[in-house]
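Novice: Chains A and B supply the protein sequences, listed in that same order. Numbering-wise, the working numbering puts 122 at position 122 of the first sequence, and it's gapless, one number per residue. Numbering-wise, the working numbering puts 479 at position 40 of the second sequence, and it's gapless, one number per residue.
Incorrect hints may appear among the rest.
The calculated EDC-like cross-link candidates involving lysine to aspartate or glutamate, where the alpha carbons are at most 20 Å apart (straight line), are [as the list claims (entries may be wrong)]:
#1 Lys199(A) - Glu528(B)
#2 Lys116(A) - Asp59(A)
#3 Lys202(A) - Asp547(B)
#4 Lys202(A) - Asp370(A)
#5 Lys119(A) - Asp59(A)
#6 Lys199(A) - Glu548(B)
#7 Lys199(A) - Asp519(B)
#8 Lys202(A) - Glu548(B)
FRET-style restraints, in silico, Cβ to Cβ [said to hold, decoys possible]:
#9 Asp531(B) - Gly142(A): 51 to 61 Å
#10 Arg48(A) - Gly566(B): 31 to 41 Å
#11 Ile414(A) - Pro533(B): 43 to 53 Å
#12 Gly518(B) - Arg243(A): 41 to 51 Å
Calculated directly from the structure, the hints in this document are not laboratory data. Heads up, the beta-carbon is just placed ideally off N, CA and C, and yes, glycines get one too.
Listed below are the residues making up each chain.
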Amino acid sequence: MYRTQEGMGIWEHRGKVAAVGIGHAPTARRWDDRPETSVGAWAILAIRKAMEDAGVTPDQVDGLVLPPDTTTGSYWPEGRQVPADFRNAFKQTGDPLDGIAKLSADWILANMPELKNVKWARHATTCTSMAMAGAIQAVGDGLTHTCLVVKGWHNFSGRYYQGGANALPTVAGPGKYGSSLAGPASYATAMQFQRYCHKYGKNHDMMAPFMVNSRRNGLLFPEGYWAQHRPEALTVADYINARWVAKPANLFDNDIPIHTAAAYVITTAERAKDMRQKPVYVLNHAGAGTPGGATSAGVRARSVIANLEEVEACAAATGRKLLDGAGITSGDVAFENMYDGFSLFHVFHIEGLGFAGIKRGEALDLFQTDISIEGPNPVSPSGGNIGGGRTRFWNHTDSIQQIQGRAGARQIRIPAEIGISGGFFPMWSNFVIWSATPD
Amino acid sequence: MPKQSPVADDLDRPFWDACNAERLVIQHCNACGRFQHPPQPVCDSCGSAAQLVWREVSGRGTIYSYGVVYDTPISALQGDQPYNVAVIELADAPGINMMSHLPGTPVDEVPIGAPVTLIFEVTPGNGQKVPEWRVAR
Chain A
1 MYRTQEGMGI WEHRGKVAAV GIGHAPTARR WDDRPETSVG AWAILAIRKA MEDAGVTPDQ
61 VDGLVLPPDT TTGSYWPEGR QVPADFRNAF KQTGDPLDGI AKLSADWILA NMPELKNVKW
121 ARHATTCTSM AMAGAIQAVG DGLTHTCLVV KGWHNFSGRY YQGGANALPT VAGPGKYGSS
181 LAGPASYATA MQFQRYCHKY GKNHDMMAPF MVNSRRNGLL FPEGYWAQHR PEALTVADYI
241 NARWVAKPAN LFDNDIPIHT AAAYVITTAE RAKDMRQKPV YVLNHAGAGT PGGATSAGVR
301 ARSVIANLEE VEACAAATGR KLLDGAGITS GDVAFENMYD GFSLFHVFHI EGLGFAGIKR
361 GEALDLFQTD ISIEGPNPVS PSGGNIGGGR TRFWNHTDSI QQIQGRAGAR QIRIPAEIGI
421 SGGFFPMWSN FVIWSATPD
Chain B
440 MPKQSPVADD LDRPFWDACN AERLVIQHCN ACGRFQHPPQ PVCDSCGSAA QLVWREVSGR
500 GTIYSYGVVY DTPISALQGD QPYNVAVIEL ADAPGINMMS HLPGTPVDEV PIGAPVTLIF
560 EVTPGNGQKV PEWRVAR
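Could you build the full structure based on these sequences and the hints that come with them?
Specialist: What follows is the structure, encoded as C-alpha cells:
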C-alpha cells in the first residue's frame with residue numbers, strides 16, 4: 001500500500017490517478033460544544049463540499065479513507081459525559097466519543113446515508129498524508145474508483161498534554177528513556193536543529209524569512225485559521241523575540257492546534273476528465289516508514305532519540321523514492337509544500353528532496369533568497385501548518401489548487417506544473433508528487 | 440534535578456537493577472556484535488533473542504546536541520524550568536545515545552562535543568536510581 005522502499009522503479013499507476021475535489025470546514029481554535037461544530041459534523045460538511053467541488057454525486061463515491069485519530073493533543077476529559085444534544089443529533093457507533101474526539105468510517109457512513117455505494121473503507125494511521133497516499137494507491141489498484149480522503153481535527157479547551165501520565169511521580173513504557181526527561185513534543189526536532197546549526201554553521205534567526213513567508217501565505221489562504229481569526233502578519237522581530245518552548249524551537253516554530261476538517265476526492269484519471277475541476281495527476285507517492293510498506297509506521301531510530309544524521313538519511317531516501325518513482329528530477333518540481341509543523345524540520349525535508357538544487361546544510365541559505373510566491377522557488381506557498389494551523393492538510397489543498405490555477409492570491413507566478421506535498425516527520429512520512437499532466 | 444521515577448518491567452529490569460547498583464549495562468547481541476538501547480525482546484539487527492546479553496559499559500561519552508526546555512508538560516520537571524536536555528553518545532557502545540539534564544552545566548551553556556562522565560541520581564517517586572552525566576573537568 002505504501003511505497004517506503006527504495007529501488008521500486010516508476011510507480012505502476014503514474015499519471016492514472018487524480019485529485020479532483022476539495023472541501024474544507026471552517027476553523028476554530030477550540031470546539032464550542034455545539035453538535036453542529038463537532039469534528040464529526042465538520043467532517044460531513046467538508047465531504048459534502050468536496051463532492052460538490054468535484055461535481056461528484058454521493059452515489060458515485062465507492063471509497064473512504066480517514067485517520068480515526070483526530071486529536072491535536074487534547075483529550076476528552078475523563079468522566080465528562082458526552083453532551084445529550086450531540087447524541088441526539090447524530091447516529092452513534094459503539095464508541096460514545098466517535099464524532100467528538102475521534103472519527104471512524106462507521107460514524108461517517110452511519111451519518112451520511114447518501115454514501116450508499118461505499119464498498120471500500122479504511123482507517124489510515126494518524127496523518128492526512130497517510131490517508132491520501134492510501135487512497136491514491138487504492139484507486140490505482142482498482143480497489144475503489146472514486147474515493148474520499150477525510151481528516152478531522154478536534155481541539156478542546158485547556159492546555160494539551162497536561163495531566164494524565166505526565167503528572168505522575170513515576171513513568172512506565174518507552175517514555176522512561178526519553179520523553180519523560182524532556183517533555184515538549186518539539187524537543188527532538190529542536191535538538192536535531194541545534195546539531196544542524198552546529199554542524200553547518202547556521203543559526204535559528206535564519207529561519208525568520210521562512211516563518212514570515214509562511215504566515216504571509218497562510219493569510220492568503222481563506223480556509224486557514226490565521227486568515228479567518230487572527231489576520232496578523234508575523235514580523236522578523238515577532239519571531240526572533242518569541243518565547244522559547246524547547247530552544248531552539250520557539251512558540252511560532254510550534255504550530256497552533258485548531259479544530260477543523262477537510263476532505264478530498266481522488267479518482268481515476270479517466271473518470272477525472274468528466275468532473276468539474278481540472279484533474280491534478282499523481283506522478284508518485286512515497287515516504288519513509290515500515291520497510292514492507294503494508295502500513296506506514298515510522299522508521300525506528302537506532303537508539304533513544306533520532307539524531308540529525310538519521311533524519312537527514314531518511315529525508316534523502318524519501319527524496320530519492322519520490323523522484324525515482326515519478327521519473328523526474330528535483331529540478332522539475334516547481335513548488336514544494338512539505339510538512340512544517342514543527343517548522344524546523346522543513347529544513348530537513350527540502351534538503352532531502354533537493355528542492356531548488358540545495359544540498360545538505362543549504363536550506364537556511366535558500367531562505368535568505370526570494371522564496372515567496374512571486375519568486376523563482378516558491379517555498380511552502382500553502383503557508384503550511386505555520387500559516388494555517390495544525391492540520392497537515394493545507395499543503396495538499398494548496399498543491400492541488402496551484403496546479404488547477406485556482407490558488408487565488410497564493411497562486412505562484414511561475415508555471416505550477418509539478419508540486420509536492422505531504423508529511424509528517426522525516427522518519428515517518430508520505431508525500432505525493434502532483435502534476436498538471438499525466439505524463 | 441527531580442525527575443519521574445522509571446518503573447522497571449520484565450524486559451528492562453536488569454538495566455534498572457544495575458542502575459541501582461550504580462552500574463550501566465546495555466543490551467548487546469553476541470551474534471552480530473551490536474549494542475541496542477532501549478532494551479528490546481530481540482536483536483533489532485538479526486532477530487536473535489538467545490544471543491542478547493547485558494554488557495557493562497563505562498558510561499563515558501560526549502555531548503551530541505541539546506535543547507533547553509522552557510515549557511514542559513511533565514509536572515515533575517516544571518519547577519526546574521528552563522533546563523538543559525542533552526543527548527549523550529556513549530564512547531564504548533557505538534550508536535547508543537541517552538538523555539541527560541547535565542547537572543552542573545548552566546542553562547544553554549552546553550558544550551557540544553565535550554566529554555562527559557557518568558553519575559547516578561536517585562529519583563523521588565520510587566527511589567529508582569537513573570543514569571546522569573556531568574561535563575568532564
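Novice: Hints broken by the structure, by number, lowest first?
Specialist: Violated hints: 7, 10, 12; rest satisfied.
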